[in-house]
Structure formats: C-alpha cells, structure tokens
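Visitor: So the chains spell out like this:
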Amino acid sequence: MTSRFSVLFTSTALTVALGLPALAAIQTQGNAQGRCSGVCAAVFGADDLSVPLVRVSGEDEDDEDCDEEEDEDDDDACTGALGAPAPAGTVAPPANGLFGNGAAPVAVTN
Amino acid sequence: MKSLLATLALTTALTVPGLAMARPVTLTTSLNTYGGGGAYLALYVTDASGAYVGSLWMAGGKSKYYEHLRGWYAATGGDPAQINGITGASVGAGRTLEITLDLADALFDAGYTLHIDAAVEDMRDSPNEVAVPLTAAGAGAPVQGRRYIASFVYQ
Numbered sequence: 001m002t003s004r005f006s007v008l009f010t011s012t013a014l015t016v017a018l019g020l021p022a023l024a025a026i027q028t029q030g031n032a033q034g035r036c037s038g039v040c041a042a043v044f045g046a047d048d049l050s051v052p053l054v055r056v057s058g059e060d061e062d063d064e065d066c067d068e069e070e071d072e073d074d075d076d077a078c079t080g081a082l083g084a085p086a087p088a089g090t091v092a093p094p095a096n097g098l099f100g101n102g103a104a105p106v107a108v109t110n
Numbered sequence: 001m002k003s004l005l006a007t008l009a010l011t012t013a014l015t016v017p018g019l020a021m022a023r024p025v026t027l028t029t030s031l032n033t034y035g036g037g038g039a040y041l042a043l044y045v046t047d048a049s050g051a052y053v054g055s056l057w058m059a060g061g062k063s064k065y066y067e068h069l070r071g072w073y074a075a076t077g078g079d080p081a082q083i084n085g086i087t088g089a090s091v092g093a094g095r096t097l098e099i100t101l102d103l104a105d106a107l108f109d110a111g112y113t114l115h116i117d118a119a120v121e122d123m124r125d126s127p128n129e130v131a132v133p134l135t136a137a138g139a140g141a142p143v144q145g146r147r148y149i150a151s152f153v154y155q
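For the record, the sequence lines run as chains A and B. Sequential numbering from 1 applies to the first sequence in the numbering used here. Sequential numbering from 1 applies to the second sequence in the numbering used here.
Chain A with its partners taken away, still in its complex shape (with noise of 0.2 Å):
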C-alpha cells in the first residue's frame, strides 16, 4: 500500500513539474492572441517571428561623410563598403609575411 502510493506521489509529482511550464507557456500565447487583435497581437507575436525588424531612418547622416563633392579633408577615414582600415600605429600590421616582429612601422612625410 505504502510502495502504490509513493509510486502515485512521484508520477504526479513529474507530471506537475514537467507539465507547468508547458501550460504557462500555452496560456501566455494564448493571452496574447486571444485578447489582443491587430497591432497589439501583432506585438506579443513578435517574437514569433524570425523575420528581423527594420529600421526606418529619414536621413543618415554618416553617409554624408562619405559624399564626394562635399568631402574635402582627405585625411579622414571613410567608412565605405568595406570599412576603412585601421590606421598605423593602432594594430599591428596585418600577418601576410612580409613583416617581421620587430619594430612597428614608421612613416614620415617631408
């Protein structure tokens, strides 16, 4: 009699802690799409969703920095396509081979 029910104790103890989360988890959705239409669904949703959020910007002005006719100082990096590179002095020049382990470079202009 004892051995039925601990067996019945530990199967609904299982049950319980296995089957809670699941049930807060049906619910939250529930309560997301049950009571909410439109754009309030539309938000809890969200996070259903694996399309990434866009963001909407009237103007940027990095680009700005990068325009041509307006760009005077040629000493100012410009983050194109591909990224400026990082000026000397402030990583180590890249490892192609060339380049020994010595002294960093050094350049000077007369």
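Keep in mind the hints are simulated off the structure, nothing from the lab. Nothing here was measured: the structure is a model prediction, and the numbers come from that model. A portion of the hints provided could be inaccurate.
[As the list claims (entries may be wrong)] Facing chain B, according to a computed beta carbon distance under 7 Å, are these residues of chain A, among others:
1) Ala95
2) Val108
3) Thr109
Here a beta-carbon is modelled for each residue, glycine too, at the ideal position from N, C-alpha and C.
We have chain A already, so just place chain B on it with the hints.
Guide: Frame of chain A; chain B shown alone:
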C-alpha cells in the same frame, strides 16, 4: 651555475634566429609637383609568378578612393584587412613619404617585386607607377615613376 649557463645559451640560440629573420627597411617615395591634391599610394608585393602576396603600405585613409589604385584593388578587392595597421595619410604633391618597416629577410633576392599604384583626385589613375624587384643589390638605387612619383628607393 651550469644549468644557468645552459639556459642562457638556449635562450640566446632561440632569440638570434628571430632577430636575423627580419630587418628595418626604409622606403622613400618622392612625388613630382604635379599640381593636384594629395596622392593615394598603394605599396604591395607580388611573387615571381605575379601573384599578389601582401601589402606594405597604404597612403590615404578613405576606402572609397581605393578602387582608383587599380592594380592593388584588382588583387585585393579593396579588402581593408590587407592594410590594417599600415595605413597613413595621403601624400601631397612635391612631398616625400619615408616609411620604415620591419621586413622579412625572405623578401629579398627571392623573386618578389614591389609595386606602387598611385591615384590623385580628378587626375589620371596610375597603376603600377613603380615596379621594382626586391634584391639586396637594388637597395639604394633610385627608380623613377611613370607619372606622379619622381623617385622611389628602398634601403
């Protein structure tokens, strides 16, 4: 005492080859007074078969102009990773750019060629402005460029 000497000998033996494998090389590029804005210069190396090996220096920091350095751009696709840490300012007309680099000894007398592409805004692009074999004998011998470079020398 004996182990100390052994350790010293071992560390020295390991250090000396490392020092001997590279040396400081100065690349001096003098520009003509061509009457334009700052010149973009790409210095890069090809092997004996003409294949791109790597870049040594990029004078000019704006990647949008790199396509005008046509030889370098064709070889690299304008990849900024090729010139990270070896990019400086563009060079004005009539000025001289002096770059000192720690270069591998294996570069010399092994069939490598140093190329310089040049480009100036609103002026003609000049790919392969200079192409000079990297040899010990060629060190110190000035080479004339085709359009914007008055002379180039490495030593």
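Visitor: If you take the shortest Cβ to Cβ gap from Thr109 (chain A) to chain B, is it below 7 Å?
Guide: holds, 5 Å
Visitor: Would the hint on Ala95 (chain A) stand, with a C-beta cut-off of 7 Å toward chain B?
Guide: Cβ of Ala95 (chain A) sits 9 Å from chain B, so the hint is violated.
Visitor: Is the shortest C-beta separation between Val108 (chain A) and chain B less than 7 Å?
Guide: Because about 5 Å separates Val108 (chain A) from the closest Cβ in chain B, which is inside the 7 Å limit, the hint holds.
In this structure, only the earlier hint numbered 1 is contradicted, and the remaining ones agree with it.
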